[in-house]
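Peer 1: Modelling step: build the complete structure from the supplied sequences, incorporating the hints.
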Amino acid sequence: MPETEPVSYPLRPSLEAIVLIADEPIEAVALASAIGHPTEAVEATLRELAEEYTAQGRGFELREVAGGWRFYTRDEYADAVAAFVLDGQQAKLSQAALETLAVIAYRQPISRSRISAIRGVNVDGVVRTLVTRGLIEERGSDATTGATLYGTTGYFLERMGLGSLEELPPLAPLLPGLDELDDELERVAGQESAAAEGPKEQVEEQDGARD
1 MPETEPVSYP
11 LRPSLEAIVL
21 IADEPIEAVA
31 LASAIGHPTE
41 AVEATLRELA
51 EEYTAQGRGF
61 ELREVAGGWR
71 FYTRDEYADA
81 VAAFVLDGQQ
91 AKLSQAALET
101 LAVIAYRQPI
111 SRSRISAIRG
121 VNVDGVVRTL
131 VTRGLIEERG
141 SDATTGATLY
151 GTTGYFLERM
161 GLGSLEELPP
171 LAPLLPGLDE
181 LDDELERVAG
191 QESAAAEGPK
201 EQVEEQDGAR
211 D
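Numbering (our numbering), first residue to last: 1 to 211.
It cannot be assumed that every hint is accurate.
Stated by the list, open to error - Calculated cross-link-like contacts (lysine to any residue; reagent style SDA-like; alpha-carbon spacing at most 25 Å):
#, residue 1, residue 2
1, LYS92, GLU138
2, LYS92, GLU158
3, LYS92, PHE71
4, LYS92, ALA102
5, LYS92, GLY161
Source of the hints: derived by calculation from the structure; they are not laboratory data.
Peer 2: What follows is the structure, given as structure tokens:
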């Protein structure tokens with residue numbers, strides 16, 4: 001029985017069609033497999049399309065983020081999109097959630113007790129909110145204390161428009177007392193135990209429950 005030849009679809013329109021319906025960035029190798037073209041040709045075409053959309057002044061752009069490709073609306077039209085989708089109401093994380101997310105992004109993998117030590121408040125509610133929204137995830141447990149560790153997700157990179165965590169701005173220039181902070185974290189680490197990830201004596205932040 002003769003072998004069936006692999007199907008090859010038109011390169012440019014096929015890429016546009018597939019990426020258009022994607023709800024998360026798609027890797028070039030996956031696109032190449034789907035349409036029957038070499039990965040190198042797919043990557044080159046994606047970059048050509050991205051440049052064309054920018055040169056044409058389109059309201060959308062093709063970005064490479066979190067290791068894949070996806071269409072996004074351009075930043076300069078964010079207000080118009082928000083007005084249509086949200087009817088003028090912005091769906092934002094609370095200040096507490098943003099601060100907690102920043103701590104996790106720069107100090108991951110990290111336990112809730114260490115985050116609390118940095119922020120000075122209990123963060124259980126905020127951490128649950130960030131997990132629910134897909135911005136952070138569990139990263140195993142501490143070998144010594146058994147405390148659950150957390151880190152950011154690929155969705156976090158996508159929302160931030162980053163290709164990797166290495167693209168985060170340097171933290172040291174913003175925190176001159178970084179060495180003292182590290183010392184405090186080591187002190188907290190010495191006091192942690194598996195029970196620290198259970199019930200807390202502190203009262204959870206009220207805005208964490210509302211996120």
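Peer 1: Hint by hint, say whether it matches the structure.
Peer 2: To see whether the hints hold, each was checked on the structure:
no.	hint	in the structure
1	LYS92 / GLU138	holds (23 Å)
2	LYS92 / GLU158	holds (16 Å)
3	LYS92 / PHE71	holds (22 Å)
4	LYS92 / ALA102	holds (15 Å)
5	LYS92 / GLY161	holds (17 Å)
Checked against the numbered hints above, the structure violates none of them.
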